[in-house]
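Undergrad: Protein chains in written order, with this note's numbering: chain W, 120 to 479; chain X, 120 to 479; chain Z, 120 to 479; chain F, 120 to 479.
Keep in mind that the hints were calculated from the coordinates and are not lab data.
Every value quoted in this text rests on a predicted model; they were computed, and no experiment measured them.
Keep in mind that the hints are not guaranteed to be accurate.
All copies of an identical chain are treated as equivalent in the list; a pair is satisfied when it fits inside any one copy or across any two copies.
Calculated cross-link-like contacts (lysine-lysine; reagent style DSS-like; alpha-carbon spacing at most 27 Å) [stated by the list, open to error]:
#	residue 1	residue 2
1	Lys253	Lys315
2	Lys266	Lys399
3	Lys253	Lys350
4	Lys315	Lys466
5	Lys350	Lys224
6	Lys295	Lys266
7	Lys295	Lys284
8	Lys466	Lys224
There are 4 protein chains.
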Amino acid sequence: MPATSLCQDEACPPYSLMDDYSEGAHPQILEALLRTNSTQQVSYGNDEYSNEARHLIREKIDCADDEAEIFFVPSGTSANLISIASCLRPYEAVITLDSGHIACKEAGAIEATGHKLILVPPVDGKMTPANLQKAFQQNQFYPHMAKPRLLYISNASETGTVYTKRELSNLSAMCKQLKLLLLMDGARIGTALCSKKNDMTLRDIFDLTDIFWIGGTKAGALLGEAIVVKKELAEGFVFHLKQHGALLAKGRIIGVQFMELFRNDLFFTLATHANSMAEKISANFECLGYSLVADTATNQVFVTLPSTLVRRLEDRFRFYTWEHLDDGRMVIRIVTSWATDELQVDKFNAWVEQWTVVGK
Amino acid sequence: MPATSLCQDEACPPYSLMDDYSEGAHPQILEALLRTNSTQQVSYGNDEYSNEARHLIREKIDCADDEAEIFFVPSGTSANLISIASCLRPYEAVITLDSGHIACKEAGAIEATGHKLILVPPVDGKMTPANLQKAFQQNQFYPHMAKPRLLYISNASETGTVYTKRELSNLSAMCKQLKLLLLMDGARIGTALCSKKNDMTLRDIFDLTDIFWIGGTKAGALLGEAIVVKKELAEGFVFHLKQHGALLAKGRIIGVQFMELFRNDLFFTLATHANSMAEKISANFECLGYSLVADTATNQVFVTLPSTLVRRLEDRFRFYTWEHLDDGRMVIRIVTSWATDELQVDKFNAWVEQWTVVGK
Amino acid sequence: MPATSLCQDEACPPYSLMDDYSEGAHPQILEALLRTNSTQQVSYGNDEYSNEARHLIREKIDCADDEAEIFFVPSGTSANLISIASCLRPYEAVITLDSGHIACKEAGAIEATGHKLILVPPVDGKMTPANLQKAFQQNQFYPHMAKPRLLYISNASETGTVYTKRELSNLSAMCKQLKLLLLMDGARIGTALCSKKNDMTLRDIFDLTDIFWIGGTKAGALLGEAIVVKKELAEGFVFHLKQHGALLAKGRIIGVQFMELFRNDLFFTLATHANSMAEKISANFECLGYSLVADTATNQVFVTLPSTLVRRLEDRFRFYTWEHLDDGRMVIRIVTSWATDELQVDKFNAWVEQWTVVGK
Amino acid sequence: MPATSLCQDEACPPYSLMDDYSEGAHPQILEALLRTNSTQQVSYGNDEYSNEARHLIREKIDCADDEAEIFFVPSGTSANLISIASCLRPYEAVITLDSGHIACKEAGAIEATGHKLILVPPVDGKMTPANLQKAFQQNQFYPHMAKPRLLYISNASETGTVYTKRELSNLSAMCKQLKLLLLMDGARIGTALCSKKNDMTLRDIFDLTDIFWIGGTKAGALLGEAIVVKKELAEGFVFHLKQHGALLAKGRIIGVQFMELFRNDLFFTLATHANSMAEKISANFECLGYSLVADTATNQVFVTLPSTLVRRLEDRFRFYTWEHLDDGRMVIRIVTSWATDELQVDKFNAWVEQWTVVGK
């Protein structure tokens, strides 16, 4: 198959498999924004759409109104820093993987609220009870050490893996034993819940954590994340939103989007699409004999490739070079999303196959 | 004129003149979001729409690319706290009116970044050079007092008044003399610039301040404010955005909106509408002999009314009760916006007139 | 009486009545430091001297071991910022007099821990329940306003006045009604308790506040303040000490000093001396017809004098010019202390008298 | 030699070799406090003793008045947090060893000022240019990562080792290349400079760092550290002192102590004593065949011992158990100081020898 059959138009720009936020919003969401646009609503998150979104999310979690409060914020960094700032006293610290988003991708946002991070190495992208306990025990020299008080994890993890129910139960039990709160960053919770490796419901996550958030930005919304806070931790939470600039005057715009995502399960449909696109790419790599760096459980593929293949793919696709190996090979990260075009995935796979044959 | 002729349908909900963020976005903006939705864009504010928006804003300011940097953030509180946190060292303080938004409507957001506020009483809703100088001089007992380093003002002011060029020039000169930076909160800068009392251009504001921001939320956007920072103050600014959760992954969604607002002057057209609706309401009050508490220069009307009239109006309109006077009368605040329906304004005026006649 | 009889030696430097921290420590305290110097002690505040000091303070308060915890810190600013940081959540604000030490003499130390100050004008240097309630009510627009949560007062006040038991009881009751904690800055609590205007015991203060501190620096120690915290607020307090650099490795040095101050009532003896020196100066002024700006209840005298008298006094004494009045007169502040030399006080009074006679 | 010959009095408490702050101050320092006690001095660090101390320190550094400013603070944590808070902008991070004092013994004090720590593993207790560079390069994904801006090191290190001139020069050069400031924690700089392994002068340290501090607390003072700041970094420094509660009203008490320490080289004499006591203990261990965990370069000895020996020593001496090895042996830390009694050191060595013979 000649290269030209894959891209007739030499001038077409590379297709991005870089991240899951390269496009705008799912059309249904934009339609909802249009449909609701002219009604007059109460401001700052108390509009009827935000309330309906809260209702639909609670329904999906299967939790009563008085079990949880739900707050909408514009970004994942907001969700993390506000959750942590609200739950901790000034001298309390967070335990996180050293690869955690708050540890290495948020410009020190948590420390900027005054809290120390205690770093733990990941196992398959995840925290283990043993590593958690060890970090806790190494930080007991009070008052010379900040007091560990909260465990932060992400599901899906930074490398796209997911927690099983057993794993999360064990972590949760260890947290209770150590008197730690458990916060789950759910920037990609949709793809986690729709993963073939997943055996948890939203209710399981609600039960096993103290606070978690549902990512909208990477799941088909223009922006917005929904923080689900156990009732007993929710006091004063809204002040933190305001204080950190996360309480939007037109709160409706996040409310409408979550209302749409959680009506008729659009949220899960979109995540399933993202996962299946990743699976297709991942299967092709494996079939051609390339080794994956992490299991492809959600919408991220980490694969080791020869640099010549990487260079050729870069002409037609955008993706992230994760690591340069000593033997000259490279680890790349492919991210799919609700918006990923299956035709482009097929082309990508075809190119990989073609250049693999050529390379041999 | 009987009441029924004004609202045939007894069940119609009160029309809100409560604030300028009760509706969604201007339809043209939503169309632009739809139109640009499916293109793939670079994330975190480096997309082509954000860049085009920056270009258009610079054009409107009439400033060169290397004179200013422009950053988009989701909310006014973000804009204020990030601007201040970026410009000040930890021991430096902000001088503000005691009625300033950062002083009484942002839940201590500025103090949460570590900075003291020094409060000054307003004159006609505004800061005067004399009051500024006095506050500065009262805060010179170093190092026991935090060092004043930045003046924060709003234009339009909290009571809807505007700064004249002479007033801002005098403030700016006093700031230079006292080595203070000058930050202008422009949540309602559109209505200020379109006020009949205004004699400044955006270039004047750029020249006379060190940093100012252009409010989108109250000007017809779903959300978003554009911070204009003099080049020499811009270093590291983007880190603050990230650290405070204000750097959106899909930065395009604010970029597109400002692109649309500043193409063909939609921003100014909408502000002019808001102002003229307020003027109509204000003129009617004056014509009927009610006294205004502040000059109606922009889209806010502050008027003193008998409580019986207020009660009757409340059945059909929503607005904010600002103050209860000792003589039983009340000060109310009416806010109009780009979305205010002129038909409703006419009805409002008719009701005021009718009940005034009845009341006499 | 010729000038020379007052100061034989023309070259003698002016005697300072500027503040109550111009000298070192009371000799008995230095002797205690010498006496205990070579014993080996546990570090960071758990030494036997600190524990003995805690015991003696609790005895003087007449409170049980499990009613209060006591922490020693090096400075008043430390005491205030740590107390407030430990008691409040990030969005909670402090109500204080606008003349409060934290409001205007601590370089924004409270704001640097993230907390807003709400300012109230003083009445006779003090907070009143009515003014407190008014400030509270003006700060209820949640979540746009920071939530008032703690009242900060000083006793003696910044102008040297003292709270009566009735006044403090009323403030305390208002705090309970408004769910505010009450913190008393006791930098000069010794002179307050020894004032002729005082009708409170340490137990009264303990009962009517949630947290208060006993100033050592201004009471004859080299440095150090003792924070008395109700048991239920003490959890985690020591972490704050450490985090803010206030937990001294050789905690003994503050412990020894408070042990000495509270053994045999040295603390009260020294405060009584300071007060009586101020009273002597104050009485002389009144006798000569000068008007006091504030009642002389403790060790500070605020008096209005002709500028010629002030100029003459400045040749021989150091004191603080508080205010320049429009009529050319000046308000000066005289501060006495445990170390004030009565001979110098007599000279001061003689000079005032002499130059008053001359001036007439 | 029977045990009884080592301690006639069975009841004598264990002698502490736990740390270098178990005693008060060197007698000469107490005498200086007594001698200067009654003079009246200007407050807040501008007294003549503090100025004389600054003069003597500058002389010892051999630096001109306008090259450096010197500030006195009560504790090492104060010194570190104030230095870092003053030098960095909010988004800037500190690179430190993971064993650094700020990383694991200061209760999150640096994070409490808003700054992220980037952790690097030590080599012989020290930072290497290669490890520094690697950490720097791994933190370049701007603006998603906080910007590394300052390297924090300690000399002597946490394990008692010292930097050679070559090592510090290389680190300093790497810092300049990476545009990092270099801060040296000198809690034990006295013992470092008096180490047999040392080949640096205070001037070398001044030249090769941007800011460093001279520890008084562990060097024979009651409390106090002297921060030496290059002139160009000193602007506004004093505000930070005030804001963090570290500007003592009676600044004289730290001034007097440093004046005494740096007159006639008492500071160095005391450090030399501490080092030689450690050397004696260390040599005895080595002579008896025990292995040291770190080279004994200053006043700390880290040695691996059988647990039976440790248990026996604990009856008569206090020291810190550093680590439990898998083979049942233990690493203990012995710390000597200016106050360590040579007689006790001899007893300690005798006991070690006796129980070693018995144990064989």
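Undergrad: Evaluate each hint against the coordinates.
TA: Verification of the hints:
no.: 1; hint: Lys253 x Lys315; in the structure: neither (31 Å within a copy, 38 Å between copies)
no.: 2; hint: Lys266 x Lys399; in the structure: neither (45 Å within a copy, 38 Å between copies)
no.: 3; hint: Lys253 x Lys350; in the structure: neither (30 Å within a copy, 31 Å between copies)
no.: 4; hint: Lys315 x Lys466; in the structure: within (24 Å within a copy, 59 Å between copies)
no.: 5; hint: Lys350 x Lys224; in the structure: between (29 Å within a copy, 26 Å between copies)
no.: 6; hint: Lys295 x Lys266; in the structure: within (15 Å within a copy, 31 Å between copies)
no.: 7; hint: Lys295 x Lys284; in the structure: within (16 Å within a copy, 46 Å between copies)
no.: 8; hint: Lys466 x Lys224; in the structure: neither (31 Å within a copy, 54 Å between copies)
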